[in-house]
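Undergrad: Sequence:
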Amino acid sequence: MYAPGAVLALCLPCFLSGNAFGYEYGEDYSDSYYNEISNGERLQSKYFSVPDVSSFLFIHVAVLTFSGATQIPCPPQDLSRWDKLFIMLEDSQMKQDMLLHQNEDMVKAETDSIWKELHKLNNNKACIQASENTSQNNETLNADGGKLERALMATVADLQRVHAQLALFQRATAHRFLPSGCEMALLFPMRSKHIFAEVTPSTSMSLQSFTICLWAKVTQSLNKTVLLSYGTKKNPQELQLLLARHSVLLTVGGETHLVEAHSVVTDGQWGHVCAAWSSEQGLAALWVNGENVARVPGVAEGHVLPGNGFILLGQERSRSGVYRDLDSSVAFTGKMTGVNMWDHVLDAGRIKEYANQHGSCDSRGNVIGWGVSEIIPHGGSQYIN
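Read in order, the letters of the sequence shown are residues -22 to -1, 1 to 363 in mature numbering (1 follows the signal peptide of the UniProt record, and there is no 0).
Just so you know, not all the hints are guaranteed correct.
Unchecked claim - Calculated pairs, BS3-like style, for lysine-lysine (alpha carbon to alpha carbon, straight line, at most 25 Å):
#	residue 1	residue 2
1	K212	K171
2	K212	K202
3	K98	K86
What the hints contain is simulated information worked out from the structure, not anything from laboratory work.
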């Protein structure tokens, strides 16, 4: 029960001593501060001091000690103007700190934005530099392209000249070209009754079968152009291999026994012509450039060619048997080579082999062999190579 009195006895000396110290060292701030502190809260004395906070703490601890956490009987004093001033200063400091943080954030954001803009500008500068480099490269390429274009135009002109020369050379080569590796040919320069070649066979012409093959390049084929003919005094047209425009014809034993292939020959081009016949069943066939173009049975079936006749190239025997009576309208004009005749029918494989332009001219017939049998040119016909 004496605790409150003891506490009061302790509080009063401390409070009075605090006022005394404040009186000795206090400052007059009444004229310097005009804060939100009202005039009613000002003290009457000229000097005023704020009690030390440690004194209050000491008193509070003493009260708790002696009273056993009993509530202090004296009520707490109201905040003085210095307390309010300190609180205002603390609030102001907090506001300043907040403003500083806010300013720092704003400055950081602006700095980041500036760095981004600088980075963009740097990238744009790189793009501009790349564009300038590309433009320079394009100008260089355009200049080089002009040089290349001029070089290409010159090359094209050279190629055109070379092409013209090659075409001329090809025409000259084609004019002198002989098929199947043959080294010579018979030339019939014009259509004349005096121009032909006479053939002496290696064996008798009394045959029951035969195969005739030759290469011919006709200048112009008329309604009847003779390639090869065999005739006797009795029948001047016993055997004939003919051209009629673009067709090939074979007659055996007379013109009534005929086999024909249409549209197989072209003027001015080398062509390989073969004719085969057998008296057995009278089977006759025509081959052009290795292809069988006609095959007819019953042609002079059972017939046998008579011997002791005359073989002519490029012309046919007249009925009078006199050369001056030959007909110029049936004369052959052009070139002829590789003339061969066998006394039997060749198989298709051998005929195709002989029709190869890049083949060999070494194969020769046993009745007429090109380069072996006697073939005598007459009139203006001649051998060429």
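Undergrad: I'd like to know which numbered hints this structure contradicts. Please list them from smallest to largest.
TA: none
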